[in-house]
Structure formats: C-alpha cells, structure tokens
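Novice: Could you slot chain L onto chain E? The hints should help.
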Amino acid sequence: MLDLISGPWHWAVSGVFISLTMFALLYAGKSFGFSANLRTICSIAGAGKTAKFFDFDWRAQRWNLVFAAGSILGGFIAYYVIPNPESVQLSEATLLYLDAVNVSRPGATPGFSNYMPAEFFAVDNVFTLRGLIVLVGGGFLIGFGTRWAGGCTSGHAISGLSNLQLPSLIAVVGFFAGGLVMTWLILPLIFNL
Amino acid sequence: MRYLTYLLLGTFFGIVMTKSEAISWYRILEMFRFESFHMYGIIGTAVLTGALGVALAKRFDWKTIKGEEWNLKPKDYSIPRYLFGGSIFGLGWAMTGACPGPLFTLVGQGIWAIGVIILSATVGTWVYGLLRSRLPH
Chain E
1 MLDLISGPWH
11 WAVSGVFISL
21 TMFALLYAGK
31 SFGFSANLRT
41 ICSIAGAGKT
51 AKFFDFDWRA
61 QRWNLVFAAG
71 SILGGFIAYY
81 VIPNPESVQL
91 SEATLLYLDA
101 VNVSRPGATP
111 GFSNYMPAEF
121 FAVDNVFTLR
131 GLIVLVGGGF
141 LIGFGTRWAG
151 GCTSGHAISG
161 LSNLQLPSLI
171 AVVGFFAGGL
181 VMTWLILPLI
191 FNL
Chain L
1 MRYLTYLLLG
11 TFFGIVMTKS
21 EAISWYRILE
31 MFRFESFHMY
41 GIIGTAVLTG
51 ALGVALAKRF
61 DWKTIKGEEW
71 NLKPKDYSIP
81 RYLFGGSIFG
91 LGWAMTGACP
101 GPLFTLVGQG
111 IWAIGVIILS
121 ATVGTWVYGL
131 LRSRLPH
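Just so you know, the protein sequences line up as chains E and L, in that order.
Heads up: the first sequence at position 47 corresponds to 47 in the numbering used here, and the numbers run straight through without jumps.
Heads up: the second sequence at position 77 corresponds to 77 in the numbering used here, and the numbers run straight through without jumps.
The shape of chain E in the complex, shown without the other chains (with noise of 0.2 Å):
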C-alpha cells in the first residue's frame, strides 16, 4: 500500500486528482488559479501604492494563499515523509540528450533532489552566470507572463479548458509556442554557458 503511495503515480490518476482538486475548490465557490497569489503577495508588500493593479482588497485572496502555504507542506511530505524510493523514470531519448549537452541525469548528484539538475538549482549554483540567468530570468518570465495572460496551467490549462475558454486555448499555444522556443533555441544557448 505505502508503495502505491510513495512510487511515481500513473499519469492517468494524477490528471484525476488535478481535475477533482479543481472541483473542491469550485464546490467551494472558488476557482483554480496559483499565479494570482504573486499578484496576491505584491499587494501585501505595498504595491498598491505604486500601481492600480494590485490596489484591491488582497484579504478576499487569504484562501488561496492558505492553499498556497498547504502546496509547500504537500511538497514536503511527499518528498521527506514518503519519498519515492526511485529517480524520476525519464525517457532513453532524454537522458541521452542530458549527456550530449552535460546536464546530469535524474539522481546523478549524491544529496541533491533527483527531480532537477543541480547545475541550476543547488544552493552553490545559484551565483552562477547560468544559475542566475535560470533562476531570475525564468522567475520573471513566469511572474509578468502569467499575469498578462491572466493565469497559468492551473488557471488557463487546466480550469479554461475544462470550461472551453477560447481565450484560455490561445494562452495554452501561447505557453508552448514559449516553451518550445526556449527548449529548443535558448536552453541548448544556455547550457554551454
């Protein structure tokens, strides 16, 4: 049983759980949507008084920061209290390209997470010139793409094409268009840095 619930789980049941986490939420009278909580979060620290935007009533927000802080403990618990006793299971073609471009593999970094490469995200890296370039560059990418889109997977992917939003359609090619760019032409870039 505990191993049903430590491994990797099929990607069937995960995509289950997304849609019914969605619906408590929406049973709740809310809606499913992570990247308000930035937009959230730069109210709280005062930027209501620098820009309209985020000069609304934040306290209305409280639960979906609450659902926020629960996302962090969930994270811990499946990563410290039932960890996965396996590396992510990745595919021959990717970890081969991993090689080709010298990113190490899944668990390859003794003491490190096995879901990211250490080169980017372990503490010693972050100063970096690529580590910086990942982790800032990325981090505002993510913050001013997903506001002017007005959501991100959870918001636009997930809850605006459950409920066929056009517009939400039109920002899931917009986050692939994205994602294929960098994959394909910036990260080959940045990874020879």
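Treat the hints as calculated values from the structure; they're not laboratory data.
Backbone N, C-alpha and C define an ideal beta-carbon position, used for all residues, glycine too.
Any given hint could turn out to be false.
To give an idea of the chain L side of the interface with chain E (calculated C-beta under 10 Å), a few residues [what the hints assert, rightly or not]:
#1 R2
#2 Y3
#3 T18
#4 K19
#5 M31
#6 T49
#7 L52
#8 R59
#9 E69
#10 I79
#11 G90
#12 L103
#13 L106
#14 Q109
#15 I118
Specialist: Here is chain L on its own, set in the frame of chain E:
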C-alpha cells in the same frame, strides 16, 4: 475551519504535483522535447475529466456549498494578452521547469534556490502591474 479545508486541499495538490513528477524540471524538458507521453497524459486527463465535470455541472446546474453558481465566468475574448503573455510564461516554464504551483511545492522539498525564482516571479508580476496600461490586452 474554512482555512483548514484550503490548507488540506493545497497539501493534497502538493502531494499530487510531487508524485506525478510534474514538479520535475526533467519532466518539463522531456515534454517540450516530445520524448514522453507522461506530462501530456497528466494534463490531458485533467482537462478531459475537468471538461466532463464542468459540462455535467452546467447541465444539472450544480451549486456551490453555499448554494451559489459555480465560479465559471467566461473570460473576455482577445488575442494579444493571451498569446504574448502566454508565450512569455512558456519561456519561463521551460527554463525553470516549473509553473507557479510547483514552485511553491518545491520549497517544501528544501530546494532553496527556488526562493530566488519565486522572488523574481513576484518582481515580474509587479513590473507587469506597472506597465499594464501600456501593454496590448
């Protein structure tokens, strides 16, 4: 009590994100390189079951726990904000291997470098707010 529900729901979501491996930078790379069905399976299943449930909710007029309409407001139609904003987010998603939800989940896993991404994402949202009136929507 009400907040406890959201805390538990968020906890469930964080566990699902981890166990589905959707929080893995490697899985996002693999997805954008079209080398595995895994992520497409997750998102596809979520959207299919989501669309089915939303259709049922509309057909049978399901209410919220307070007896109100579900929060399913149609989004205002336009192209620029979704296409440009979406593409910029897509660049960041593929770069960091995480969307906003997983970013928080990864903090719970002790990946402290993720704090830099969250801080930078917050600045990104703030800069968007400053430039908002000058951007096409």
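Novice: Look at each hint and say if it fits the structure.
Specialist: Each hint tested on the structure:
1. R2: holds (8 Å)
2. Y3: Since chain E brings a Cβ to about 5 Å from Y3 (chain L), closer than 10 Å, the hint holds.
3. T18: holds (4 Å)
4. K19: At about 4 Å, which falls below the 10 Å cut-off, the nearest Cβ of chain E leaves the hint on K19 (chain L) intact, so it holds.
5. M31: The hint holds - M31 (chain L) has a Cβ within 10 Å of chain E, the shortest such distance being about 8 Å.
6. T49: Holds. Min distance 4 Å.
7. L52: Since chain E brings a Cβ to about 8 Å from L52 (chain L), closer than 10 Å, the hint holds.
8. R59: violated (13 Å)
9. E69: holds (9 Å)
10. I79: holds (6 Å)
11. G90: holds (2 Å)
12. L103: holds (8 Å)
13. L106: Because about 6 Å separates L106 (chain L) from the closest Cβ in chain E, which is inside the 10 Å limit, the hint holds.
14. Q109: holds (4 Å)
15. I118: At 7 Å from the nearest chain E Cβ, I118 (chain L) passes the 10 Å test, so the hint holds.
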